[in-house]
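**Student:** Listed below are the residues making up each chain.
Protein chains: 2
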Amino acid sequence: MALIVQKYGGTSMGSVERIEHVASKVASWRAKGHRVVVVVSAMSGETDRLLKLAKSIDPRGSEREFDQIASTGEQVTIGLLALALNKVGVPSKSYTGWQVALRTDSAHMKARIQAIDSERLLADLDAGIVPVVAGFQGIDDTGAITTLGRGGSDTTGVALAAALKADECQIYTDVDGVYTTDPRVEPKARRLDRITFEEMLEMASLGSKVLQIRSVEFAGKYKVPLRVVSTFVDGPGTLITLDEDSLGGNVEDALISGIAFNRDEAQLTIAGVPDRPGIAAAILGPVGDANIEVDMIVQNVGADASTDFTFTVHKNDYDRASDVVKALAVELGAKGVRTATDIVKVSLVGVGMRSHAGIASKMFKALAAEGINIRMISTSEIKISVVIEDKYLELAVRTLHRAFELDQAKS
Amino acid sequence: MALIVQKYGGTSMGSVERIEHVASKVASWRAKGHRVVVVVSAMSGETDRLLKLAKSIDPRGSEREFDQIASTGEQVTIGLLALALNKVGVPSKSYTGWQVALRTDSAHMKARIQAIDSERLLADLDAGIVPVVAGFQGIDDTGAITTLGRGGSDTTGVALAAALKADECQIYTDVDGVYTTDPRVEPKARRLDRITFEEMLEMASLGSKVLQIRSVEFAGKYKVPLRVVSTFVDGPGTLITLDEDSLGGNVEDALISGIAFNRDEAQLTIAGVPDRPGIAAAILGPVGDANIEVDMIVQNVGADASTDFTFTVHKNDYDRASDVVKALAVELGAKGVRTATDIVKVSLVGVGMRSHAGIASKMFKALAAEGINIRMISTSEIKISVVIEDKYLELAVRTLHRAFELDQAKS
Numbered sequence: 001m002a003l004i005v006q007k008y009g010g011t012s013m014g015s016v017e018r019i020e021h022v023a024s025k026v027a028s029w030r031a032k033g034h035r036v037v038v039v040v041s042a043m044s045g046e047t048d049r050l051l052k053l054a055k056s057i058d059p060r061g062s063e064r065e066f067d068q069i070a071s072t073g074e075q076v077t078i079g080l081l082a083l084a085l086n087k088v089g090v091p092s093k094s095y096t097g098w099q100v101a102l103r104t105d106s107a108h109m110k111a112r113i114q115a116i117d118s119e120r121l122l123a124d125l126d127a128g129i130v131p132v133v134a135g136f137q138g139i140d141d142t143g144a145i146t147t148l149g150r151g152g153s154d155t156t157g158v159a160l161a162a163a164l165k166a167d168e169c170q171i172y173t174d175v176d177g178v179y180t181t182d183p184r185v186e187p188k189a190r191r192l193d194r195i196t197f198e199e200m201l202e203m204a205s206l207g208s209k210v211l212q213i214r215s216v217e218f219a220g221k222y223k224v225p226l227r228v229v230s231t232f233v234d235g236p237g238t239l240i241t242l243d244e245d246s247l248g249g250n251v252e253d254a255l256i257s258g259i260a261f262n263r264d265e266a267q268l269t270i271a272g273v274p275d276r277p278g279i280a281a282a283i284l285g286p287v288g289d290a291n292i293e294v295d296m297i298v299q300n301v302g303a304d305a306s307t308d309f310t311f312t313v314h315k316n317d318y319d320r321a322s323d324v325v326k327a328l329a330v331e332l333g334a335k336g337v338r339t340a341t342d343i344v345k346v347s348l349v350g351v352g353m354r355s356h357a358g359i360a361s362k363m364f365k366a367l368a369a370e371g372i373n374i375r376m377i378s379t380s381e382i383k384i385s386v387v388i389e390d391k392y393l394e395l396a397v398r399t400l401h402r403a404f405e406l407d408q409a410k411s
Numbered sequence: 001m002a003l004i005v006q007k008y009g010g011t012s013m014g015s016v017e018r019i020e021h022v023a024s025k026v027a028s029w030r031a032k033g034h035r036v037v038v039v040v041s042a043m044s045g046e047t048d049r050l051l052k053l054a055k056s057i058d059p060r061g062s063e064r065e066f067d068q069i070a071s072t073g074e075q076v077t078i079g080l081l082a083l084a085l086n087k088v089g090v091p092s093k094s095y096t097g098w099q100v101a102l103r104t105d106s107a108h109m110k111a112r113i114q115a116i117d118s119e120r121l122l123a124d125l126d127a128g129i130v131p132v133v134a135g136f137q138g139i140d141d142t143g144a145i146t147t148l149g150r151g152g153s154d155t156t157g158v159a160l161a162a163a164l165k166a167d168e169c170q171i172y173t174d175v176d177g178v179y180t181t182d183p184r185v186e187p188k189a190r191r192l193d194r195i196t197f198e199e200m201l202e203m204a205s206l207g208s209k210v211l212q213i214r215s216v217e218f219a220g221k222y223k224v225p226l227r228v229v230s231t232f233v234d235g236p237g238t239l240i241t242l243d244e245d246s247l248g249g250n251v252e253d254a255l256i257s258g259i260a261f262n263r264d265e266a267q268l269t270i271a272g273v274p275d276r277p278g279i280a281a282a283i284l285g286p287v288g289d290a291n292i293e294v295d296m297i298v299q300n301v302g303a304d305a306s307t308d309f310t311f312t313v314h315k316n317d318y319d320r321a322s323d324v325v326k327a328l329a330v331e332l333g334a335k336g337v338r339t340a341t342d343i344v345k346v347s348l349v350g351v352g353m354r355s356h357a358g359i360a361s362k363m364f365k366a367l368a369a370e371g372i373n374i375r376m377i378s379t380s381e382i383k384i385s386v387v388i389e390d391k392y393l394e395l396a397v398r399t400l401h402r403a404f405e406l407d408q409a410k411s
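Chains X and B supply the protein sequences, listed in that same order. 1 is the number of the first residue of the first sequence in this note's numbering; add one for each residue after it. 1 is the number of the first residue of the second sequence in this note's numbering; add one for each residue after it.
Be careful, since some hints might not be right.
[As the list claims (entries may be wrong)] Here are the simulated lysine-lysine pairs, DSS-like style, with alpha carbons at most 30 Å apart:
1) B:Lys25 with B:Lys223
2) B:Lys87 with X:Lys326
3) X:Lys391 with X:Lys362
4) B:Lys32 with B:Lys165
5) X:Lys55 with B:Lys87
6) X:Lys52 with B:Lys52
7) B:Lys221 with B:Lys165
8) B:Lys315 with B:Lys326
9) B:Lys25 with X:Lys52
10) B:Lys55 with B:Lys110
11) X:Lys110 with X:Lys326
12) X:Lys25 with X:Lys221
13) B:Lys87 with X:Lys110
14) X:Lys315 with B:Lys87
15) B:Lys87 with B:Lys32
16) B:Lys165 with B:Lys87
17) X:Lys87 with B:Lys55
18) X:Lys55 with B:Lys32
19) B:Lys55 with X:Lys52
20) B:Lys315 with B:Lys52
21) X:Lys25 with B:Lys52
22) X:Lys52 with B:Lys87
23) B:Lys110 with X:Lys87
24) B:Lys188 with B:Lys365
25) X:Lys32 with B:Lys55
26) X:Lys52 with X:Lys315
27) B:Lys326 with B:Lys55
28) X:Lys87 with B:Lys52
29) B:Lys55 with X:Lys25
30) X:Lys110 with X:Lys165
31) X:Lys87 with B:Lys315
32) X:Lys55 with B:Lys25
33) B:Lys55 with B:Lys315
[What the hints assert, rightly or not] Here are a few chain B residues that face chain X, going by a calculated C-beta distance under 8 Å:
34) Ala54
35) Asp58
36) Glu65
37) Gln68
38) Ile69
39) Thr72
40) Ile78
In case anyone wonders, no lab produced these hints; they're calculated from the structure. No residue lacks a Cβ here, since even glycine has one placed at the ideal position from N, Cα and C.
Using the sequences provided together with the hints, build the complete structure.
**Tutor:** Below, the structure written as structure tokens:
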């Protein structure tokens, strides 16, 4: 008898029939004697529809109001799933974010969870009730509804699993696990049985859309075993685990776990800024103050007393970041500003990289052999990322997938 | 400079364009120096759509979940209107029912307001902000979302006006005032400049769909001047007033203010129950316990030691009421149960009735002349109601409108 938090995404909640299918899945886990808490997203497309409606009035309107509107998506699906569970004989009650006191900061549309009151949910579980909790949303100190940003329902699931000390957090989605890369780009992509939190973090943050990055961070931090499973096809999915050894002693073979990519970034360069201490902070300070998240940061040694400073941001933040950077360029006496939105980031990810040299050069060689020019490079212990022109995305992913033999199962 | 609560219904909020029209109306009141609080309904059809979705899973599902789902309708429109107001330069913030601590009892889908915390709204008004509050919804002591039942947004408007001690509560709708009867049934129906709370109460409760009955009760109880106005056509609308004298001294002429009707009732008769003290309570007790509201009640003197007991309920409650009554008939040793759903109630309403005899006989004569059979009669100080077969509705209303000369303006 385990305590399991199950999170079902928008596709799983896409229609009344699918919601009834989810209810039958939850019922079968409960019939095995498990205690289950369910977290759900809005019906697929609904959050987009609501935000489009809101932005049709004012695209730059109050984010407090955007959250007020967008959060209704899950409020509908929690009610529907609770009704469907009751109908198949499983006592259930739905809860919005504020109803379980899921407290966040006040950063509307990208709020961060601060605390969850687990008492109410534990009381329900003790009474044999399956609580159905709205993902993606919370409440701030002023009583305003906040949302956690795209994919936030995963984070809600993991945060609840941590607060309830659940045995496992299962993320149900329309894919049956984590793949070596996106099968829509490389049909030979292969499902991984296990992957470490660190690798998953890099895969998620770099654009593999299976899980939201923050949910993996949370899961790693609170040691919540996380499993990605399909709602529609039975199978073991992919277990995301803390322990590298549990990968089956095949770390030596598995140099690389996967190839992630991200189409949603834009690049901004301030060219010819004075190369002096504090310049990075002088640039990234105002960017951070504008609440813009920066991903890659590259600063190169300059030829004279100046240097080029480049960073990438989400395309959604590009307009605002561009305004900030142009003002900064004048202020700092830079030579100019260069920006690009027709870029894509491709990354190799693998814990095996730690103990093996030569991965980077093998990667760059493979790309060069296909005539793909690299614009930016950034490395960490378990990943190497390159920024290339977006038209080369598919070619680059397939080339690397073959070069690192990712289509061949390791045993 | 007045404090005005304006309530806009579903038709007024029916599209982005209409919401922007509402924003411009609110802005123009504010430009005149008034302080404005706005209450809104869901987009027309949205509450029905949401409830249909919920009931497609389980028509007899948990009303707590129905409310959780249905209450999202206004949560969307408050956000949209706040955005639209901000866009035209009017600072605005949206609030759900629970965000203004609109406390109700726990009778889901027909909850009653118990208290409103006006502090937050008054602070907003002092700061020059126009608060936009969700109608129709509140929160109970367990933290569950409740709804007030159909037309509940009117009640929210009046309750807020009372709590804020507003100078006037304006109900914006798609009609330009209260009419002598429904113009769709009698094209000669005429707009009334003024009507008393009592008359309005009878008009509303008897099916004139302009205002929800509870809102008129509230307005009368807390002496909130209430005005029905059109969102789309400028005009004075109809003022609902406490004072009969303010009707312009024409009470003598205005014997009858209007003709109301209600198609939503069903009739249940327990025939041949023992005619003994306490029998009405023995019947209506279990009906009330089942949370079914009863409208007309008629008990006639029986020929022997038994009597026929008839009452009407909303058609929505008919199935449940029918179950209760059948069980009661067995228990009380009644001769049988008769029910009818093909009925309509037509009522004459007017404060002038108090001082004038002969209204009832004039009414019955007019109906008889058209061959309309009367099934039930019920009277009060300012109204006379008859139940007839539903196919005679239009004929009855037109006949009475003409008989009481309601198409002729009184001055």
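**Student:** Next step is simple, just say for each hint if it's right about the structure.
**Tutor:** Here is how each hint holds up against the structure:
no., hint, in the structure
1, B:Lys25 with B:Lys223, "25 Å, holds"
2, B:Lys87 with X:Lys326, "27 Å, holds"
3, X:Lys391 with X:Lys362, "22 Å, holds"
4, B:Lys32 with B:Lys165, "20 Å, holds"
5, X:Lys55 with B:Lys87, "11 Å, holds"
6, X:Lys52 with B:Lys52, "24 Å, holds"
7, B:Lys221 with B:Lys165, "13 Å, holds"
8, B:Lys315 with B:Lys326, "17 Å, holds"
9, B:Lys25 with X:Lys52, "24 Å, holds"
10, B:Lys55 with B:Lys110, "17 Å, holds"
11, X:Lys110 with X:Lys326, "25 Å, holds"
12, X:Lys25 with X:Lys221, "28 Å, holds"
13, B:Lys87 with X:Lys110, "23 Å, holds"
14, X:Lys315 with B:Lys87, "25 Å, holds"
15, B:Lys87 with B:Lys32, "19 Å, holds"
16, B:Lys165 with B:Lys87, "29 Å, holds"
17, X:Lys87 with B:Lys55, "11 Å, holds"
18, X:Lys55 with B:Lys32, "29 Å, holds"
19, B:Lys55 with X:Lys52, "27 Å, holds"
20, B:Lys315 with B:Lys52, "17 Å, holds"
21, X:Lys25 with B:Lys52, "24 Å, holds"
22, X:Lys52 with B:Lys87, "16 Å, holds"
23, B:Lys110 with X:Lys87, "23 Å, holds"
24, B:Lys188 with B:Lys365, "21 Å, holds"
25, X:Lys32 with B:Lys55, "29 Å, holds"
26, X:Lys52 with X:Lys315, "17 Å, holds"
27, B:Lys326 with B:Lys55, "26 Å, holds"
28, X:Lys87 with B:Lys52, "16 Å, holds"
29, B:Lys55 with X:Lys25, "21 Å, holds"
30, X:Lys110 with X:Lys165, "25 Å, holds"
31, X:Lys87 with B:Lys315, "25 Å, holds"
32, X:Lys55 with B:Lys25, "21 Å, holds"
33, B:Lys55 with B:Lys315, "17 Å, holds"
34, Ala54, "6 Å, holds"
35, Asp58, "5 Å, holds"
36, Glu65, "4 Å, holds"
37, Gln68, "4 Å, holds"
38, Ile69, "4 Å, holds"
39, Thr72, "4 Å, holds"
40, Ile78, "7 Å, holds"
Going through the hint list in order, the structure satisfies each hint without exception.
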